[in-house]
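S.K.: Here the protein sequences line up with chains A and B, keeping their order. Sequential numbering from 0 applies to the first sequence in numbering that gives the first Met the number 0. Sequential numbering from 0 applies to the second sequence in numbering that gives the first Met the number 0.
Check before you lean on any hint, since a few could be wrong.
Said to hold, decoys possible - So the derived label-pair ranges between C-beta atoms look like this:
id, chain 1, residue 1, chain 2, residue 2, range
1, B, Glu77, A, Glu167, 51 to 59 Å
2, B, Ser75, A, Gly133, 28 to 36 Å
3, B, Pro25, A, Glu163, 20 to 28 Å
FYI, nobody ran anything at the bench for these hints, they're computed from the structure. Glycine residues also receive a C-beta, built at the ideal position from the N, C-alpha and C atoms.
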Amino acid sequence: MRTSSFETAVERHQERVFTFARYLVGNREEAEDVTQEVLIRLWQNPGVLGSDRLGAWLLRVTRNACYDRLRGRRTAHLRVVADDPGSLADRLVASAPDPERSAASAALGRWLRSAIDELGEPSRSIVILREIQGLAYQEIADALELPSSTVRVALHRARRRLRERLHEEASTHAYAG
Amino acid sequence: MRTQGEKLDCAAVEALLEPYVDGELPGEEAEVVALHLARCAACSRQRDLALAVREGLRDLPRWEAPGRVLDAVRRSAERSAGAPARSRRLRSWSAVTAAAAAVVLAVAGSVLWWHQGRTAASSRPEAAEVARAVAEVRYALGLIATTTREASVAAGRRALVEHLVRPVATALDPSAEPSTAPTTSIPAAEAAQPGGSS
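Whenever a hint applies, use it, and build me the whole structure from the sequences.
M.R.: See below:
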């Protein structure tokens, strides 16, 4: 019974745990370690299995495990080398031709993965959980133990910061050009 | 709430832009923002960037955990689930060990009793009698060794050597030098054998 519930939970939540960990710690290997650690902790806490708190519990434990690791580092993980955000911003606007926008979207992805790392908490976790992983506000609120309204405001603020940074760097690029 | 008749400046639109692109603004307020965006190129560009960032984030990859990670988790869970069964096996082996220890105690007690009787009759046991007693103790110890090895409780065996076998051997031959090494042999008993260090 316990094994069956555990298997179901692992199948259902492994992607969410691993993706969250990978964005937080910034590399695959450590994300694997964190995922293993988190899922073993789930096995050791059978009371959580079958509970409606399971998803939130897993994300909270994942986040704590990631930040334990990040605190142990003296330097931040290697960041993805981003494209020039100035030229990116120009190519991303709706008026740019489709082929250019398509290529720019891939470059934007690389830039965003780097830019997310610059966000503080809880904005970073909220952006990952909401925009990348598609969780509902309430799920994020439960996981991070924050009011749902705070999650919503923090998400908008974080996205605005990303947009402003993209815009600022585009302006700098324009002047430099 | 703003209505269509109310104009917004760029700062006000900026504050509403993210909820606007998420479709979270009430209808009339969204229409006011849309009207402003239609007239303002700067805000319209911000709207495009907001949409690009939002879509760019949503296009970022998600990953399945690698199979080897999940396998390792399952193995760990299986080991953990099997732990109670192993405990039962250990308890079972402990019972065997206890029974064997009782046999050793009985043999050792007999040897001591017999030896004390002999000591009263003569000041030194004959070599053949000592050898027989040592052989009996060794046999009992062999039984203990087998059971404890199988039950992975070598510590109990060492304790038996230290607290039972060695005192018996020393009693048989007080002049034998006790050994401190917990080996599988019986140093003190060997010392009591004919031709030993005594």
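S.K.: Going through the numbered hints above, which ones does this structure break? Give me the numbers in ascending order.
M.R.: No numbers; nothing is violated.
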